[in-house]
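Visitor: Listed below, chain by chain, are the residues.
2 protein chains.
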Amino acid sequence: MNAEIITIGDEILIGQIVDTNSAYIAKELNKIGVSVHQITSVEDEWNHILTTLSEAQKRADIVIITGGLGPTKDDITKKCLCEFFNDTLVKDEVVLAHVEELFKKYIDTPISDLNRMQALVPSKAEVLKNSFGTAPGMWLKKDDTVFISMPGVPYEMKALMQDEVIPRIRQRFKRPFILHKTVLTFGMGESAIAEKIESWEEALPAHIRLAYLPNLGKVRLRLSTKGSDPEKMEQEVDDQITSLCQIIGDIIKGVEEEDPIEVQIGNLLKEKNASLATAESFTGGRLASIFTKYAGSSSFFKGSVVAYATEAKVNILGVSQDLIDKNSVVSNEVACEMARKVKALYQTDYAIATTGNAGPSKGDSDADVGTVVLAIATPDDVFAREFNFGNHRDKVVGKAVNKCMELVLDEIYSHK
Amino acid sequence: MNAEIITIGDEILIGQIVDTNSAYIAKELNKIGVSVHQITSVEDEWNHILTTLSEAQKRADIVIITGGLGPTKDDITKKCLCEFFNDTLVKDEVVLAHVEELFKKYIDTPISDLNRMQALVPSKAEVLKNSFGTAPGMWLKKDDTVFISMPGVPYEMKALMQDEVIPRIRQRFKRPFILHKTVLTFGMGESAIAEKIESWEEALPAHIRLAYLPNLGKVRLRLSTKGSDPEKMEQEVDDQITSLCQIIGDIIKGVEEEDPIEVQIGNLLKEKNASLATAESFTGGRLASIFTKYAGSSSFFKGSVVAYATEAKVNILGVSQDLIDKNSVVSNEVACEMARKVKALYQTDYAIATTGNAGPSKGDSDADVGTVVLAIATPDDVFAREFNFGNHRDKVVGKAVNKCMELVLDEIYSHK
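Which chain is which? The protein sequence lines are A and B, in order.
Per UniProt numbering, residue 1 is the first one in the first sequence, and the count goes up by one each step.
Per UniProt numbering, residue 1 is the first one in the second sequence, and the count goes up by one each step.
Worth flagging that the hints you see were computed from the coordinates, not collected in a lab.
Since the structure is predicted, the reported quantities are computational estimates derived from the model, not experimental observations.
Take these hints with a grain of salt, some might be off.
As the list claims (entries may be wrong) - Covered, in the sense of this in silico footprint (three residues per stretch, anywhere, with C-beta under 8 Å from a C-beta of chain B), are these stretches of chain A:
1. 80 to 92
2. 102 to 114
3. 188 to 195
4. 307 to 316
5. 386 to 397
As the list claims (entries may be wrong) - Cβ-to-Cβ under 10 Å is the rule here; a few derived chain A residues that face chain B:
6. K27
7. N30
8. I32
9. Q38
10. E43
11. K129
12. L213
13. T242
14. S243
15. F282
16. G285
17. S361
18. N402
Every residue gets a Cβ at the ideal spot worked out from N, C-alpha and C, and that includes glycine.
Here chain A stands alone, though its shape is the one from the complex:
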């Protein structure tokens, strides 16, 4: 079962947007045992699209295409599909009714002929309903390869994947199971880990693949396998992780299956009926926006004070100017006080506070570029740690966010 993804659109090739659709589609396909071997992004250009379609056909059983289905002239995917399948466009009455309804309900401007043309589909296509937009999904077959075309708008594509594409692939293809488990480690570099676990790695059976995924102070170790017996696969991988824990248990902070660390933190807090707030200086709301990305986060995440300027630390958080003058705004004392204050303000059980200088130049304090202090307040304690995360703004903020997640997860665990 080989799948490929083709994303179409000039905006991708000139770097105006990041293609996030491919990662989503790849992940969803993996869950149901379909591996993706190639992702190809091409322009809205007739010949290039046609060549890409026929190249993909040679290699893949399933080809998923996104983009190029808008109502305007620059979108040509539907016409390319007609050419590729030697087909013509016909009006689909169900789609037309849906387009008309969308316009009645949500759109102020009157419906136009361009909009109605969204209901034209290749006659050989099985139409997939796009609940959130006017461009329908399409399911087509050429020889032994299935081609699935979807709009590039992320939330429309996601709904189509969940409601139409995944169920059909499940029904129509016999698939193996694919299992990935990712062990999360903090505090050691990938090469140091590789040396420590060398003999374990060499003894891994051939059907279990290991990958190292380093990212700003954390390294994830991903174990992947494929097969027909999911229980046996799970057992095998779990056994390998158990052996791994005997070697580097001190740096392992958990096993990710689906959940990123912020979701693990949320789940733990919910279990314990505990809550969290953040006081953010140089992280500028990044922590808050990560926690609130998920539905249901309001049950544990109470809010944040983004105190970017020093006066905000004084006026809003209530850190005393005196404390700042005595210790510098980037100091353990100020970070701890920020954590204490925001915990009291939001009446939470835990709090994270960040202060530091992300660069590129010196800020309100004399702290070197890259110097940050992170503080964690727990139900009965508060502590801070100082780091230097280097001289690159994105790196400093990214590493600090990861480190905060690690520190707070540790505390919540240990207060179990």
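Based on these hints, arrange chain B on the given structure of chain A.
Guide: This is chain B only, laid out in the frame that chain A set:
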């Protein structure tokens, strides 16, 4: 001048990470007149990498490769390059000294043989210095195609692009100029715009391409052209934009060249020596984290109160419980009061406040899923507007963030 990008790594194909490198590289190449015609992502798999390299060679003058350069066994790009170029690995003393220095300065664990092996490079490669990591960049040539290999870590790749790759491409290739200008519109759908500007679009000269980029309540119209005379190109495109303004000037909010709207807002505020704060309920710090992403934002962005829970709106922002009980927490009155309060707290000239229900279920208020109220406080006024942004959490937050940017930019403009 045809370029292609190849990104290598299982983590991309299983959807564990989003490939953001390609967009960055494509954008930077475009700036110097190099168009990217294809982006291909493949696994860490020997034969697939080799095939992809030779396919790309047939089509492109420049092939940029990222990923697969780590010190661990799953990374095989360097060995694949050796095979493809019929070459062997040799030790580069300069790289070795750099790796040793990085370990001395920044890394606690002692340097190992695996780390030292990062200094091995194909003998035919011109080595490109990676200031921020151990894996060097490599510049290789086969027939008429240049292959450039870089690590996949984004900040290492970006520094390599700026310091090593772009300067060499500038020097060694004769390139045309590429010009993109993007007109930012708000408040009208893409098909409605297409109808309004149909005759203008049809009269566009063949060498100017138009693309519609709809995104959550805003539509960007991108004009692209290529040529040898940048001044003439700029003039031509500007003339077209002037004609466009005569047709749909009411919905045009500006022309993006490089700057996203948040940077435009920042620049305007800096010009006027004015400042901004945000009070965020369902946007959960997203606005703050967007503004603070940029170095120098502290000169206009003073901070945010993320008041996710109703009690935080009362306790921290100081909105009266009475006002909330009378009007509901998702109301014009409460949004305006949040904006007023946060403006006073941070002593700023402008403030944005958000309250609403992003879904998927009803929250603290009775507001329907998707109902949001956005308020803007200006130096002498405050107003709020209510919207329903549909039934999808990401969509609601994304549309609201865009709408806030639009509303506040309008206000800052009109207070000029």
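Visitor: Taking the least C-beta to C-beta distance, is S361(A) closer than 10 Å to chain B?
Guide: holds (7 Å)
Visitor: Quick check on the hint: F282(A) CB to chain B CB, less than 10 Å?
Guide: Cβ of F282(A) sits 8 Å from chain B, so the hint holds.
Visitor: Does the CB of S243(A) sit less than 10 Å away from some CB of chain B?
Guide: This hint is violated: S243(A) lies away from chain B, its Cβ roughly 18 Å from the closest one there, beyond 10 Å.
Visitor: At a Cβ distance under 8 Å, does chain B reach at least three residues of the segment 307 to 316 of chain A?
Guide: holds (count 7)
Visitor: Should the interface hint for E43(A) be scored as holding, given a Cβ-Cβ cut-off of 10 Å against chain B?
Guide: holds (6 Å)
Visitor: Per the coverage rule (Cβ-Cβ under 8 Å, at least three residues), is the segment 188 to 195 of chain A covered by chain B?
Guide: holds (count 7)
Visitor: When the nearest CB of chain B is found for G285(A), is that gap smaller than 10 Å?
Guide: holds (3 Å)
Visitor: With a cut-off of 10 Å, does the beta carbon of T242(A) approach a beta carbon of chain B closely enough for the hint to hold?
Guide: violated (21 Å)
Visitor: Quick check: the segment 80 to 92 of chain A, covered by chain B? Criterion 3+ residues, Cβ under 8 Å.
Guide: As far as the segment 80 to 92 of chain A goes, the hint is violated, because 0 residues have Cβ atoms under 8 Å from chain B.
Visitor: Are N402(A) and chain B close enough, Cβ to Cβ, to be under 10 Å, as the hint says?
Guide: At about 14 Å, which exceeds the 10 Å cut-off, the nearest Cβ of chain B leaves the hint on N402(A) violated.
Visitor: With a cut-off of 10 Å, does the beta carbon of L213(A) approach a beta carbon of chain B closely enough for the hint to hold?
Guide: Holds. Min distance 6 Å.
Visitor: Counting residues of the segment 102 to 114 of chain A with a beta carbon closer than 8 Å to any beta carbon of chain B, are there 3 or more?
Guide: holds (count 5)
Checked against the numbered hints given earlier, this structure breaks hints 1, 8, 11, 13, 14 and 18; the rest are met.
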